[in-house]
Amino acid sequence: MAWFLLLCAPLMFGWIRASELTFELPDNAKQCFYEDITIGTKCTLEFQVVTGGHYDVDCRLEDPDGTVLYKEMKKQYDSFTFTASRNGTFKFCFSNEFSTFTHKTVYFDFQVGDDPPLFPSENRVTALTQMESACVSIHEALKSVIDYQTHFRLREAQGRSRAEDLNTRVAFWSIGEAFILLVVSISQVLLLRSFFSDKKTTTTRMGS
Amino acid sequence: MEMKAVVSCTGLMLLFAWLSPSQALYFHIGETEKKCFIEEIPDETMVIGRYRTQLWDKQAGSFLPSAPGLGMHVEIKDPDAKIILSRQYGSDGRFTFTSHTPGEHQICLHSNSTKMALFAGGKLRVHLEIQVGEHTNNYPEIAAKDKLTELQLRVRQLLDQVEQIQKEQNYQRYREERFRMTSESTNQRVLWWSIAQTIILIITGIWQMRHLKSFFEAKKLV
Numbered sequence: 067m068a069w070f071l072l073l074c075a076p077l078m079f080g081w082i083r084a085s086e087l088t089f090e091l092p093d094n095a096k097q098c099f100y101e102d103i104t105i106g107t108k109c110t111l112e113f114q115v116v117t118g119g120h121y122d123v124d125c126r127l128e129d130p131d132g133t134v135l136y137k138e139m140k141k142q143y144d145s146f147t148f149t150a151s152r153n154g155t156f157k158f159c160f161s162n163e164f165s166t167f168t169h170k171t172v173y174f175d176f177q178v179g180d181d182p183p184l185f186p187s188e189n190r191v192t193a194l195t196q197m198e199s200a201c202v203s204i205h206e207a208l209k210s211v212i213d214y215q216t217h218f219r220l221r222e223a224q225g226r227s228r229a230e231d232l233n234t235r236v237a238f239w240s241i242g243e244a245f246i247l248l249v250v251s252i253s254q255v256l257l258l259r260s261f262f263s264d265k266k267t268t269t270t271r272m273g274s
Numbered sequence: 048m049e050m051k052a053v054v055s056c057t058g059l060m061l062l063f064a065w066l067s068p069s070q071a072l073y074f075h076i077g078e079t080e081k082k083c084f085i086e087e088i089p090d091e092t093m094v095i096g097r098y099r100t101q102l103w104d105k106q107a108g109s110f111l112p113s114a115p116g117l118g119m120h121v122e123i124k125d126p127d128a129k130i131i132l133s134r135q136y137g138s139d140g141r142f143t144f145t146s147h148t149p150g151e152h153q154i155c156l157h158s159n160s161t162k163m164a165l166f167a168g169g170k171l172r173v174h175l176e177i178q179v180g181e182h183t184n185n186y187p188e189i190a191a192k193d194k195l196t197e198l199q200l201r202v203r204q205l206l207d208q209v210e211q212i213q214k215e216q217n218y219q220r221y222r223e224e225r226f227r228m229t230s231e232s233t234n235q236r237v238l239w240w241s242i243a244q245t246i247i248l249i250i251t252g253i254w255q256m257r258h259l260k261s262f263f264e265a266k267k268l269v
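Chains as they are written, first to last, in the numbering used here: chain A, 67 to 274; chain B, 48 to 269.
Just chain A, same shape as in the assembly (with noise of 0.2 Å):
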């Protein structure tokens, strides 16, 4: 009975795992997360500004008595590990208050421990087979490499946005660029031509 329930304490509290997600920050906006971690739990949070603006936002983690662990303003990317020092609630938040019209589309991973084992009864006594400890191995290179497409993915995003920015800018403007020409030599005439008109209509012009 013991053993089992032990095997099920991780079920009841202490969940481990990673919480990635992309959400819209509108200008002046601010947005906090919260996640209860219990104490000596490694965590490890990481951002990325995919597009808006100067992909920037301002971060800030704060430990559940108010002790700012890490503040850093305007960063387009980074990568925070820390170890719980007590048990309660952490929060962080990414704020975008200094922008007046640009909403950024922020990434952020937070991961906390370790990711829970693939069998309830991992901690068991025998060691793992070479086949097995081959497997956990390979298990952790895919894991790198999942991370290093994300990262790949979130880069290609935000180049891909410029493009298109580039691309509906560029569009824009020469249109914009071809009307305000014929609009501009078009009333440089009709001016030059107002300035040469006989005296005859101007004086009667004035006089009604």
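Everything labelled a hint here was simulated from the structure, so no lab data went into it.
All values derive from a computational prediction rather than experimental measurement.
Among these hints, one or two may not hold up.
To be verified - Selected chain B positions facing chain A (in silico; Cβ < 10 Å):
#1 ALA71
#2 TYR73
#3 ILE131
#4 ILE177
#5 GLU181
#6 TYR218
#7 PHE226
#8 TRP240
#9 ILE247
#10 LEU248
#11 GLY252
#12 GLN255
#13 PHE263
Heads up, the beta-carbon is just placed ideally off N, CA and C, and yes, glycines get one too.
We have chain A already, so just place chain B on it with the hints.
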């Protein structure tokens, strides 16, 4: 007797664990506020989202353990802005969908509070957990269902991971193609519009001079 207690206890705990993310990340939203999350995923990828809500109790000055009478409306849009899921769930819920087109899917949550935005001063605490791709697999369940040994289960996990990597690489190729098309379109636009503007400039210059010359000749100034 003890066995029955153990089984029911485990069942209850597993149900609780499966249904609600008790220790997940949480955030606060206004009662009528809509919160959206973006998931950029390849096609044929399964996504499972679980959430739990708590309502702010003004009298007690803290959050109630749940949000009685308040449901959450979940809306999921695919990359073409077509709605693939739009359903109302209770205050705790689990939604799942599989993507059929690769791209940015948008998952939006808002409560079905009938209060107006101005008067609803309440806050909601939403615990959310979104699992994508191979993270949706429940390995102990798969092991029990297919009766796999430990080694077989590990290899199965590696196969799932490799499949996810492969899908992502495929999606990467499709995205790179789109990027290349956008760049080429920009290149073409810059080229043609520059030529067009130069031609317009030359033509208007010529027109201006000819027009003014004929105007001054008519006025007998030249």
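Verification of the hints:
no.: 1; hint: ALA71; in the structure: holds (7 Å)
no.: 2; hint: TYR73; in the structure: holds (5 Å)
no.: 3; hint: ILE131; in the structure: violated (18 Å)
no.: 4; hint: ILE177; in the structure: holds (7 Å)
no.: 5; hint: GLU181; in the structure: holds (9 Å)
no.: 6; hint: TYR218; in the structure: holds (8 Å)
no.: 7; hint: PHE226; in the structure: holds (5 Å)
no.: 8; hint: TRP240; in the structure: holds (4 Å)
no.: 9; hint: ILE247; in the structure: holds (6 Å)
no.: 10; hint: LEU248; in the structure: holds (6 Å)
no.: 11; hint: GLY252; in the structure: holds (8 Å)
no.: 12; hint: GLN255; in the structure: holds (5 Å)
no.: 13; hint: PHE263; in the structure: holds (7 Å)
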